[in-house]
Amino acid sequence: MGRIRGWQRGWRGLRKIEQVELQSMVMWHTVPWIFLVSWCVMPVGLNLRHETTAQLLGWSMIVVAALQCVQVNRMLRRALDHYLGRAPFPRRDLAVMFGLTAAGFGLALALQHVDGVKGDVIGIGMLFLITPYAEGLGFALSIRSFFLHLAGIIVVLLAAFAAVGTRGGLLAALAVLITVGGLVSLLTSRCGAWTLSVMWEAERARETEGRLAVAEERLRFGRDLHDVMGRNLAVIALKSELAVQLARRGRPEAVDQMVEVQRIAQETQREIRDVVRGYRAAELGAELAGAQGVLEAAGIGCRVSGAPVGLPAAVQAALGWVVREGTTNVLRHGDAETCTITVSVTEGRTELTIENDGAPEAPVGSGGSGLRGLGERLATVGGTLEHTSADGRFRLTARVPLPEPGRPNGTQDPADAVPLAPEAKAS
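Numbering follows the numbering used here, with no gaps: position 102 of the sequence shown is 102.
Lysine to any residue pairs mimicking SDA-like chemistry, simulated, CA-CA at most 20 Å apart:
#1 K16 x S197
#2 K16 x M199
#3 K118 x E51
#4 K239 x E260
#5 K16 x R204
#6 K239 x M258
#7 K118 x I62
#8 K118 x L170
#9 K16 x D335
#10 K16 x E209
#11 K118 x V41
#12 K118 x T52
#13 K118 x L48
#14 K16 x D391
#15 K118 x T53
#16 K118 x G106
#17 K239 x P252
#18 K16 x D357
#19 K239 x Q266
#20 K239 x Q269
#21 K118 x V164
#22 K118 x G168
#23 K16 x R393
#24 K16 x G192
#25 K239 x V259
#26 K16 x L196
#27 K16 x E201
#28 K16 x E296
#29 K16 x A205
#30 K118 x A162
#31 K118 x V37
#32 K239 x Q257
#33 K118 x G165
#34 K239 x G250
#35 K239 x D227
#36 K118 x S60
#37 K239 x A254
#38 K16 x D81
#39 K16 x E203
Note that these hints are calculated values from the structure, not bench results. On a predicted model such as this, the values are computed, not experimentally measured, just so you know.
Use the sequences and the hints to build the structure in full.
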């Protein structure tokens, strides 16, 4: 049971695309063995004649077929990585597989020559012998090269079987069965690999969108900071230079200029605080709408809900930072498909919850510097921050107490009360 639970945790710790790739690898490893039993071992092994030569050739062919399955399992990862652009062309693996396939066909040809199989069952064995090699070719070659290889194999085999006396309908059946075996392997390998390739490209595009969203937010902050600092620093520099000139001439106006420099510097400090704390009085409703738009643009279904209740500006600023950091974590970490943001106002307290389904298993209590910074920000307004990760879901919860109406900081200007975004569902 402990090992099973370990497998479950490992499975949940994988991203969705990694789960799909692992599932596909399991299928590709399993299918050749299923075909070996159903297309080779049972039909050929049960229909071998009792002569020593037939038994020796037949079971030798079955052993070679089993070695084909072993080899295709060994080369599968390298062949898939080559198709996905992660590894070089697996020439040595394909050469070994070609040798095993040629040996299997040679044994089948000898078995047909001595009439060692009852009826025309040898054709079903030929149907299997092509599948492991065709599966490897399906990953490694282009579609055109694959069909050229398959056509060459069919021509050579038909000529060889005709040389040992096979005629008429059996030759045509062999051509059809080899073609079917090759096409089945191509479909099971190439289609799945193409799907994985598309999914990995979408995953990379999604990660790029997430990084661009974060970069756009940083640029927005940079523009605001530049607007504040650029103008004011230029004015401070000019007035300081003017004060220096006036002081050198003994003019009393130099004092007035330095007083003005001091005033501008203090004003700049206040404006920078506004930028850092709330991007110039950012509203929680706007932050929620912006988070929903960014997440949906990155392909993550987002649902935002909140009661239309006015909140003090300080509470909105604190929770706005939680929305920003939580949205950034969803974009940059995990593999979320859906995200839910909920704001609820109870008596004396506001609670904001951000929950997504793309978090790997992680010990509760582990958090990055971003979460620690959020906790410190919330602490300045008496708030708390909690985060949990379980069963592939990550939940971030911020709680901020509301000021009591009787206290001075509880008085609220109507202009500061901004309605939260009403409940919305992602399309």
